[in-house]
Structure formats: C-alpha cells, structure tokens
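The primary structure of each chain is shown beneath.
2 protein chains.
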Amino acid sequence: MAVTATNAPDTTTRSDLELLDAWWRAANYLSVGQIYLMDNPLLREPLRPEHVKPRLLGHWGTTPGLTFLWAHLNRVITREEQDALYITGPGHGGPGVVATAWLEGTYSERYSQVPQDAEGMQELFRQFSFPGGIPSHAAPETPGSIHEGGELGYSLMHAAGAAFDNPDLLVACVIGDGEAETGPLAASWQQNKFLHPVHDGTVLPILHLNGYKIANSTVLARIPDDELLDQMRGHGYRPYLLEGGFDGEDPMAVHERMAAVMDEIVAEIARIRARAAEQLAAGEDVQRPRWPALVLRTPKGWTGPKEVDGHRVEGTFRSHQVPLAETRTNEAHRAQLEQWLRTYRPEELFDADGRPHAELLALAPRGPKRMSATPHANGGELLRDLRLPDFTRHAVDVPEPGSGPASATGTLGAWLADVVRANPDNFRIMGPDETASNRLQAVFEATDRQFIGHIQSGDDHVSRAGRVLEVLSEHLCQGWLEGYLLTGRHGLFNCYEAFIHIVDSMFNQHAKWLTATRHIPWRRPIASLNYLLSSHVWRQDHNGFSHQDPGFIDHVVNKKAEIVRVYLPPDANTLLSTYDHCLRTRNYVNVVVAGKNPGPQWLTMDEAIAHCTRGIGVWPWASNDDGAEPDVVLACAGDVPTLEAVAAVSLLRRHLPELKVRLVNVVDLMRLQDEREHPHGLSDRDFDGLFTTDKPVIFAYHGYPWLIHRLTYRRRNHPNIHVRGYKEEGTTTTPFDMVMLNDLDRFHLVMDVIDRVPGLAVKHAALRQHMVDERLRCRRYTREHGTDAPDVADWVWPDSTGPRM
Amino acid sequence: MAVTATNAPDTTTRSDLELLDAWWRAANYLSVGQIYLMDNPLLREPLRPEHVKPRLLGHWGTTPGLTFLWAHLNRVITREEQDALYITGPGHGGPGVVATAWLEGTYSERYSQVPQDAEGMQELFRQFSFPGGIPSHAAPETPGSIHEGGELGYSLMHAAGAAFDNPDLLVACVIGDGEAETGPLAASWQQNKFLHPVHDGTVLPILHLNGYKIANSTVLARIPDDELLDQMRGHGYRPYLLEGGFDGEDPMAVHERMAAVMDEIVAEIARIRARAAEQLAAGEDVQRPRWPALVLRTPKGWTGPKEVDGHRVEGTFRSHQVPLAETRTNEAHRAQLEQWLRTYRPEELFDADGRPHAELLALAPRGPKRMSATPHANGGELLRDLRLPDFTRHAVDVPEPGSGPASATGTLGAWLADVVRANPDNFRIMGPDETASNRLQAVFEATDRQFIGHIQSGDDHVSRAGRVLEVLSEHLCQGWLEGYLLTGRHGLFNCYEAFIHIVDSMFNQHAKWLTATRHIPWRRPIASLNYLLSSHVWRQDHNGFSHQDPGFIDHVVNKKAEIVRVYLPPDANTLLSTYDHCLRTRNYVNVVVAGKNPGPQWLTMDEAIAHCTRGIGVWPWASNDDGAEPDVVLACAGDVPTLEAVAAVSLLRRHLPELKVRLVNVVDLMRLQDEREHPHGLSDRDFDGLFTTDKPVIFAYHGYPWLIHRLTYRRRNHPNIHVRGYKEEGTTTTPFDMVMLNDLDRFHLVMDVIDRVPGLAVKHAALRQHMVDERLRCRRYTREHGTDAPDVADWVWPDSTGPRM
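Same order as they appear, the protein sequences are chains E and L. So in our numbering the end of the first sequence lands on 1424, straight run, no missing numbers. So in our numbering the end of the second sequence lands on 1424, straight run, no missing numbers.
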C-alpha cells in the first residue's frame, strides 16, 4: 500500500526541479534571514556583528520542511489550477510561511512597507520577532494562514473545518510529529468519516516526521514503519511514505521522489472524487474513500548547520529554535551563519535590486490560487450573510408570566431547522452527540447527521450529507467550527455546559486570533463563534457532580471585552431573540447558556425582543416598586435563578406585601460591567437606576457567584450586592434539591431579603423561620419520595399573588 | 494476528462457566434493581407501581458489558492470584460496578448500612441516584474506583498512571467506543511506549464496542474490522477481537469464547513479562512488547428489553439510559420490567435472606485481591511519605535584596534531583517535553526520561527507565499523574503556564473527586496534585501572544477552597520553600507559578522560609513606613510583578523620599481571601494591618487583575485597591516591553502612586511626566535596538537607594 516512489515524474523535467529547488533555497534563505539579520540582507558584504539581531528568536527546525512542501504543492497547484489552502501545524515555523508569502508577492500586496526588493527584504528580516514587528508564528498577520499553531493539536481539525462545503478546495495540512502526540490531533484522523467526497473538499494530511520536539524525540518517529503505516491504514488512509535528506543526500534526489509522490497523490485524489461523483450521479451510496496521506521524513533543520561547537545540530532537537546562538558576539558562529546563508546561493536567486528572479516569480500560482493569497484564508472575503427566517414565527404563547411549560432549546431547535433549510451550504451545527439530548432534535426535520462510515437500519437521522456534525470530541466540534468560520461560513456548537471546559484552551486561541485580526486591515470580519450551552449545571439530575460546572463564563470574560459576549436568556422567546442576534454578529465569541427542560415562560415575543435589546431590565409584573425606589432589588440571570427569584417575589408578596421589591432580569451579562470596561457595559447612571445606590440587591445567578462581584466591583452599590449561585455543591439529586444545596432556592432568597433589608430581621423572625422550615420540608419530602415536593416541582403563581397584580 | 477464539478453555468446565454466568446474572439483576426499584427487591411479589422509583435515573446500556468483563476477570484473578485494578471508562455505568462490589462483599464492608442481605439489597437499590443516596456514576463513593468516567476520555491514561512502578499490578481498562472518539483517549494508546515491561505494571486495554453513544452510533463501531485491527496494531498492540450476544446468541457460548480469549491474553502477558525480565537480567535492552488488547463487541443493553413500544432497544442507542421509561405509570412497561428482571432468575441467585448463594460468593477473589477492594483504588492506604532532602542546601546566596541573578526553576531542579534520588520508586515528574525548557534539567543528573521506543545516539537523557515522563500531550501528563497519585504515589506536572488550560476540564474532575473523597471516611488522603507552571505569560519573548495566558489560577479558584492552593513565589529560595511544602501536603491541588529566566533574588533562605510560612508579608527593606501607617501600599504577587514593584519603590525613594511606602509581597494567593472563604484566608484584622483600611494600594499582579478584586472585594480597603496585571496585550517582544504593554511596569506603577495618593498629582506633575517620558524612552529604545534598554534589562538597586537604607 505504501509507496516509496523512486522514478522521476513523467511531466516534470530535471530543469523544472532545479528551478523548484532554487525557489526552495530562496524560501530557506529568506527564513534564515528573518531569524538572524537586521541588515545586509543580500550578503553583499561580509557579515558584521551589527548586521545580526541582538536577540535571536524563532524556530528554524521545522521551517525547511514547511517550505519544501509549499514548493512542491505550488508545482501541482499551478499545473492543476487547483484552489488550495495550506495549514501550518507547526505554526512556530512562521519564518517559512512568511518567506513563501513574500516570494509569491502576497506579502508586499498586504504590507506595502515590505516590497519585493532589497529594501523590502531588509524590512522583512528586521520585523520578524522584533518589537513592533510581527510575531514569530504563523499568526493572523501572516497572509494565507488560518492557523497559529503555537498551541499544538488543532491543524487537522482546522483543515477539515475548512474543507466542509468547499468541494473545489484542497487543504494541505502539515502535521508536526510533536503535534501528532496531542489528543486533539490524535482524534482528528477520524475526520475522513465525516467529509463527503463530493460535497466537501479534500484534506491531504501530511505527517511531517522530523523526529524531534524541543529537547526530545517524537513518539511517531521512533516506531517501526510498519506500525506507522498500520496506524495510518487503521485510520482509513492510504499512506505514502517519503524519506529524504539524510546523510547528506542531494536535495535534488529528494525533489525527484517528492514530485513523483505528489503527482501520484494528486491523481489519486482526482480518481477518488470522480468515482464518488459518479456514485452520487448514479444514485448509489457514496462510499468512504481511502484518501491518501503523506508521511514525510526529513531531518529537523534540514540544510542548516550540521554541527555547532562539536554538537550535531541538523537532524536533532538542537535545531529546534536557533542553531547558532551567539552570532553577534562569537565570530566563529557568525562565520558559520554566513557560510550557511551562502549555501543557498542568494546571488542566483535575487537580482541586483533584491527582487526574486523572474523564473522564480513565475513558479508561484496566479492571484488567488497562491496559497498565501487564497480568500479561503481570509474568510471574511467569502462570507455571505445568513438568510435568517423570522424567529417570531416560533414564539411560545405566553398568556401570562409563568405560563408554559416549554423547552427553551426545544423551541430554538424548530427555528434552527428553518435556518438550516434557508442556508443549505454555509451553516452547520456541531455537537458531541448531544443535539437531541440538548433538545434541538427539531433540526432533524430539516437535515441529518452527516456520516461517511457504515450506516445501518435503525440509525436515527444519519446520512451521507447533512448539516449536523456529531462526534464525541468537543475538540473536534470546536476545531471544525473554527475552521468553518475562518473560511467564511456560519455555525454553532451545542454542548453540555460542564464539558465545554474541554475546549477552554482552544477558545483562548480563537479569541486571541480574533483579537489580533481586529487590528489587521486586510483581515475581513468573520462570523462569530456561537456556543449553545445546555444540559447545564442545575439540571444534571442523572449525572450529578461531574456534570456540574458553570465556569466557562468566567473563563471567557478574561479575554478582550471587544470580542466576548455572554447571554443567559431566561426562557424560550428570549432564547430565540438572543440567537437571532448572535447569528448576525461578526468577530465575536457568543456564549449562550439555556436550559432544555420544560420550564415556565415569562415574556411574550414582543416583550422578549424588547428585553433582549436592552439586555437587562426591570420586570414590572414581578415588581411592586411602581417605579419608585424599592426596598430591595431581586436580580436574576439564568433560567433556573429566574424561576427562583420570581418564586421568591411571590412569597414576598404574600408574606410581606408592604415590601417594595424590584425584580431585575439580566440576559446580557456584560451589561453589568462598566461601560469603560465592555462595549455593552451600562453607564453608572443606568446601573444605579436599576440597582439603586444603597438598597440591598439579592442576586440569583446561574454560575459561580464571584463572577457577579468581579463584574460589578466598581459600582457604587456594590457593597450591598449579595450573590447566590453555584458553589460546588451537587450530586445526583432533584432539581429543587440542587438549588437548595447551593442556597439559591426561593426560600433562601427570601431569608436573604429578611437578613439584608434593614428592619426586617427582628420583626419577621417568624417568617424567616418559616422559610427555614419550608426548606426542611422540601428536603425531607425529597429524601423520602425521591422527587421534589409538588408545590416546588411544578411552581405556578399562587392565585392570590398572580403576576398581574 | 487477531484472534477470534472458538474453543472452550482446557481448565474451565462448563459448570464453572454456568456459575460465572449466574454471577453475571446476579450483577445484572442488581444493576437493573438499582435503576428501577425502591422496594420488593427480590421480586417476592408482583411488581406494583410503588415498588418502582418515581424518577428513573441511570445508564443501563453499558452496564452488562462492564459486569461481563468483571466476571471474566475475576475468573483469572482468582486462578492467578493476580493483583488487579478495574478502570471503568464508561463510568456512568455505575450500577454495574456498585453491583459487583456488593456481590464481592466489599460494599457492605465499606457501608455497614448496606449489608449483604435482603434489607441491604433494598437499600442498595433505593440509594442509587436517589436524593441523599449515591451518585449514578462510578464515583469516589464506589469501592474499587479511581475513575469517575462522567467526563469521557481519561480511562486509559488513568490506567497507565496506576501501572507505573506497580510491577505486580494488572490494570484492566474498559474503554467505551464513545470515549474512544475523544482526543485524550486517542492520544492514550501511545502509553505502551512509556510503560516499562518489568518495572511497571500491565495495562490491558479493553475497547468495548457496543456501537452507540446517547443517540448516535460510534465511529469505531462503523469501520471494517480490518481497519480497526490495523489501528490497534498501528498503536503497537496485539489485538484480540471477540464478538458475541447478537441475534439472541446464548450467553453461555459467549462466556466460552471469552474465557478462552482471556486465558490466552493472561498467558501472553505472562510470557511478555517473563521475557522482559530475562532481557533485563541478561543486561540486554528491554524491547517494547506487543501488549495484548481486547476488542469486545456486544450489544448495547445486552440482556435488556429487546423491544419497547415497537422500537428496537437492545443493541441500539435506545438502551443508553433507561430502556423502560414509564414503569410507574404504564402497566405494560412495568410488566416488561418484571419480566426482564425475572430473566436473571433471582431465585437461583439469592437465598431466602437475600444473600447471594455461597457458590456465587465463592467466585470472588479473596480480600484485597477483589477488584472492588484493592488498596490500589484507595491509594491513601498505600501512600508512603516522600523522603524530602533538605532544600536549604540548594539555597541561593542572597547577600542583599536584588542580588543574583538566578533561575528559580533552575534552582528547584537541583533539589528535585535530590528528591528523585531519595525516592526512586514513588515519585515522578511529568511534562510535555518541557522539563529542560522549564529549566529543570538538573533532574537529569539523577534520572532520565523513560521511553520504551527506539532510542538512538544523540538522544539526551532518554533511557528505558527514568523518573521523568515526557510526552507532548498535557492530557497524558495530567492523566498519568492523576492515576499515579490516586494509587498512592507522588509527583508533579511541569508545564508552560498558558497550555495548562488544555487540562482545565481534567483539573475540574480531579478537584471534584478530591472534594467528594473528603467526606468518605474510608477514602484515605492521597498526595496533592502539584503543578509547576513556568515559561509564564511575562516571558514568552519568542512565542508571543498564543503563549500568554495566566488564567489557570482563575479557573482553579472556582473550585472548593478546601482543596485549592495557589503560590506565586517571587524568587528561587521562596520557590524551594514553597515546593517543599507542597510535596508534603495531601488531598490538595497546588498551583505554583514560577519563572525560569535568571532574575534578581530577594530573600535569604531563612527569610524565604519565614515569608513562605506567613504566605504574605511586608518586605521591610523595601518599605520606609517604619511600621507606622504608610501613605501607599505597593503589593505584588509573582516574580515579574515583584521586580517591577521593587523597582518602583526605588524610583519613589529617589524622587519622593518623603513618601511612606510599604511593600507587601504575596506568595500564597489565598491569604488575600477572607478567612471565612478559605482556610488560608487572613482575618480582616490581619488584612487591614497589612493593607491599611484607607490608603491606596497599588497591586502588581502576575495574572488577570480582576482576580485580585474577586479575592478581596469583601475587605474594608477594597475600594482603594488598584490592580495592574495581564490584560491580554502581548506579542513577540522584549520582557520590559511586555510589562509596559500591560501598564505593569515600574514607571506606570509610580504614575499610579502619584494618581492615587492624595496631594501628589498636582505637586508632582513633572515627575509623572518624567515617568511617561521614561516609558517612551524605553519603547523607542526597544523598537530601535530590538532589546530592552540596559537600565531596565539588568536592573539593580541604584546606588543611592540601595535596599539597606
């Protein structure tokens, strides 16, 4: 199965490959130059200390492999007029992909201050990893990149994400052998069971074994070839193994073998796609192909110094970063650097003006076919607005507050089905086998789960093509969606709330990417990354403690306010309105937490739209302050806390009718923050208007209570804000027992009111005791019957205190 | 290679297997009973509605597979007198492992209120997933478990962690085919390149393909067998494939095949270990064996209802949770439940008192050989204190504050080498190829990286046996360490600060496990999970933005205060003292953040010990308040913020000598919190003593500034606390430019003092402008030279304001 090609390709002549080699040398020269030089870029004079950067920062080891692959891909892209995207798994090999972008002219198009001449070359070198310059990785600043690669593991999932619904696109994905040890990458191989061979594009995984990480060998470089190939076959690929460049092998020989393998792979991809298209046209089942995968084994730091200070460097971990560390102060190092640079024969590559020779320029594909210039790597260029059907058609009828019950996510699902119908080729829903569990099953009336493995009778809404991608890996869901968004499409990721922490780190990287792109003029805005977190902390009746964690919100708000949004719609209509908004936004991360269990509904559609537009507001029907200053503010954010707060209001009405209570509901959590801290933040004046400046505020919050303090600590009334939320108390138990365990229940909220409003504690000690007794009653009922007491399980407004007072 | 055994084993008779089947039926009966019944446990009367629980919560689908494997493992454990540990990857199959623990008598030994009789059986049933009872998963409460399994992906890494340095232990690890889709599990297969076949125990991976997740098929169940087996071979295993129970196959036939396969596997493991021991004894290189791995394919919900309400249930995702949902209200469902329960023939399994028949009891291994009773699953029973060498021997000489420079982690590394030498069999260091990068390379004077793949010349401190485990997967580092700690050993995980977020979710689960175990009397305390986070946010000179995230601390402090500790030692001696403390603690998660770059040293060893013992304190040599009330408090936490704060003090001394400044350094971050919130929290009196009640506090903090507010918002002086920290500004740049980008630099701290101390702003406007100019000067220098200006790069106390005033 595996091929080690030995024949030169038919159509490529020796001189073609010599040109290709020259192009590769140019890219390598430009890479080394970026790492080392700040002057004398063309080596027109002997290298002096002041030509060398004082701080040498960058990663050489992976770079020559990246440029080698780029050069060979260019050969076939040009010939086949192929649309291609290059994913740089070893993203720290930034110099390599910056160099190729400059060689292809894209860099100078994006950055006019870095023209394709000697002056531009000097600036290209100087700016790299230099204060005020560009980062050392394949960053947002890098043309052609959608993948930073500083945090390893996500290359192949980004590649698949880019390929979905892009049938004409070839995504060449370079995977470092260090990265291949990570979990997310290891899970990514199964993407071939999800990519449709006609409707989706082609991903070509290129596992680049250069053998070493920072200071140690890699696992995959140290297992026998037969195991390596078994592994690739086991993942469903047809592996091609190419090894070259060791023991001083002439690169030309490697070029010849590589060109041959690349031709075979390209031909095979074409055959696979043609056959799948035939199957589809004939109405046959489209079978999962054995896509090719390339395993490339070359020395780490190939073409770099063989030995430095008596240590082997090329082909070892010592070439990971900067092989020659003292080139400014150590004359021998500097001489070796100059010698190294001259091995690329720059005088053959660049003309007197420092411009690459015309023959080299001619090797690059044209315009957007250049991988450095493909619009797929600047997704905003391709982005089409979603066609969003009228969500109000799915409004839940709310004759009065507290009616229902209805499932918020269930309601949303019906609208999402409409969204799917209206956007059949640029909207996808990702989830770890939880689409139905999170009650979005209505989308299956409009589409299926896409799966290119064996489908058998009894499978529920699984077919070859569908808008829903389900795989039990939050990493893949996140990575696929990121790749899909970064290439200009739309989607959402639905997930159990607790387990979204699995992708905390991926969120970080995407958030950082978005933050950086906001300051890069040529990067066009992309669709926001939308989370729908359901099966949340308060309703894990059958899974208990391990499934209870509302802390993703805390994690998210550490990132730049300009890209982060958090919504806690309390019912179905507010969820509809919120999600309609989220799907229209750009360049944000929207976190929406919503319950799936049937619950009481509070707002009519019109009220919901108005409330969501404000993001925060008084619910007059649950307040009796009549617009004047209340005695106490009950605030709430989240569906379960809202129910408890409203139920507390009804208790207060009955027992303390003279108390002036204001209920404030928060949908848009960032409204709590200062307007100077977050674009959605309320002014102090508005905040004070809602929360008063001196009255007690009892805040029933969905998550960890400290977050409310973190958001409001600058507010004038902060000392009076008392927050109830999840404090890591939980197990397999009933819904009301859960809120009681965390003191978020209605009875405890009433106790909090009594404790905090001046003058109530003594006068209403009996009522407070009654609340304590009510908690005990509920606790006992639950322990005995295994269910919540009926009055708390199916709460309705007590007749006497109905919502319309 | 793959074996599908068809012959009955030689040594096991038909009647042995009939008994085994009875034991299995008993375990299944007890499992179904837990999910459904609250009364009539032995079905001595027809099932009535009130016998059935009102809320049916639990997962049936995976359970019969778990009990089947347990039964067959017991057969060989008993015969071989094998020490064994069972890891329940599908941990939500809790009823199964609770049932086997009860059958083996362990459950009643741990919980006297659940004896091995009819009354105990009723309690066993009632308590499951019942308020006030036990969780539905294989929880800390479950005897024999070290693995909750609610968050999928970590079974095989826990298994390997348990096996390290436990040569006599067999760890049978059941991996669900849902779990197998996750990244962490996919990465775990490479464990066989790290487990030593003589010094470490044996892990037997059992991939259980029951075909379905919650509502969808699994990927691995839908690929051809040859791919599946190639995958296992590619991972370096010898796979055994056993399929049974489909199309109504008699379980006895499956038992026969399973017994044969299990015998083969056990024999093969013995051969492998014997051969490795011979190699070792002969002084030969110990080769990596092809360990066996079992792929077991049985129907989901095997032996459960075949069909319910016209839908197929056994063998489909519909048996994932509760196959019969309305057994209390729907008479047909209830009848079907009774019929189902009776298929296990309880009258043959339990005597008149509800006690399992003696023949069944006799099948369990004896005492601690029972998997439910193994001390390896209650690691505290096996825990030996570390022998901790005197860390003061590694003290850095600090003739005066600001001397040095020295590397904190480099200094720690030398002591850790001593720890390794003194504890050759129960202490390990895990890291993602960053041990040297984090400057712990001194440990390689005492030990090597352990690796059972190909080792070649030039590899640096890599050998077959060593205390350091390096794999480029933070998931594996975390999971291996968890497994190692849970089975009673010690260790630490060193990691780049930013990428520890990769295991946020794993930390959550371990923290929850520790929280729960504190309330389970028979769970003995285990060693703390120790993080050493280095290569931190402020010193990512060559990696930039993607490598900058100090938010793990924020994540950690959301968990229960009783198990969470966070330390930010400012220099080498404080790091030594801190880590010595951490390695002595139990049942905590200790997060230690420390720099690796050479930096100024502040405290002598004696001072460091005293300071770390307090956790927070005034540095008198950096203060001039002479014990009286200062005009301003400069607080700092973390090495870089401490340097900036001290440098700010020196500027203030020079320019505003009359200003009374107090410098407070925080090592133990939890000291900031209220003593009612955290056991380490300061009393208000002590806090006020340090931070005053009304003076401005300028707080230079290592991480996101909001955390300091979250920890101190209840303090009297909170309104005057002004925090500088990381606010997501960063790129590839110099160290001082990084602190300037985030306004944490000394000049900005002085500006903050001028802005906040009443009376300074107008009077010292010129000084403020000077600070602004200083920042501009540094910025310009860096942009021009690519390095920090010498005076900020190599800061020393200016002569005139030396530390000893």
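A hint or two may mislead.
Label-pair restraints from in silico Cβ distances [claimed, not checked]: (1) E/A951 to L/H1274: 42 to 50 Å; (2) L/A872 to E/A896: 41 to 49 Å; (3) L/D1307 to E/T1204: 58 to 66 Å; (4) L/K1346 to E/T1204: 17 to 25 Å; (5) E/R931 to L/A893: 32 to 40 Å.
Below, in silico cross-link-like pairs of lysine to aspartate or glutamate (EDC-like), each with a Cα-Cα straight-line distance of 20 Å or less [to be verified]: (6) L/K925 to E/D1079; (7) L/K925 to L/E950; (8) E/K812 to L/D844; (9) E/K925 to E/E868; (10) E/K1346 to L/E1294; (11) E/K1179 to L/D1362; (12) L/K1179 to E/D1362; (13) L/K812 to E/D845; (14) E/K1179 to L/E1348; (15) E/K812 to L/E846.
Hints in this document: simulated from the structure, not taken from any laboratory. Just so it is clear, CB atoms sit at the ideal spot from N, CA and C, and this is done for glycine as well.
Against the structure, the hints:
| no. | hint | in the structure |
| --- | --- | --- |
| 1 | E/A951 to L/H1274: 42 to 50 Å | 46 Å, holds |
| 2 | L/A872 to E/A896: 41 to 49 Å | 46 Å, holds |
| 3 | L/D1307 to E/T1204: 58 to 66 Å | 46 Å, violated |
| 4 | L/K1346 to E/T1204: 17 to 25 Å | 23 Å, holds |
| 5 | E/R931 to L/A893: 32 to 40 Å | 38 Å, holds |
| 6 | L/K925 to E/D1079 | 18 Å, holds |
| 7 | L/K925 to L/E950 | 18 Å, holds |
| 8 | E/K812 to L/D844 | 15 Å, holds |
| 9 | E/K925 to E/E868 | 13 Å, holds |
| 10 | E/K1346 to L/E1294 | 17 Å, holds |
| 11 | E/K1179 to L/D1362 | 16 Å, holds |
| 12 | L/K1179 to E/D1362 | 16 Å, holds |
| 13 | L/K812 to E/D845 | 16 Å, holds |
| 14 | E/K1179 to L/E1348 | 9 Å, holds |
| 15 | E/K812 to L/E846 | 12 Å, holds |
The structure fails hint 3 only (numbered hints given earlier).
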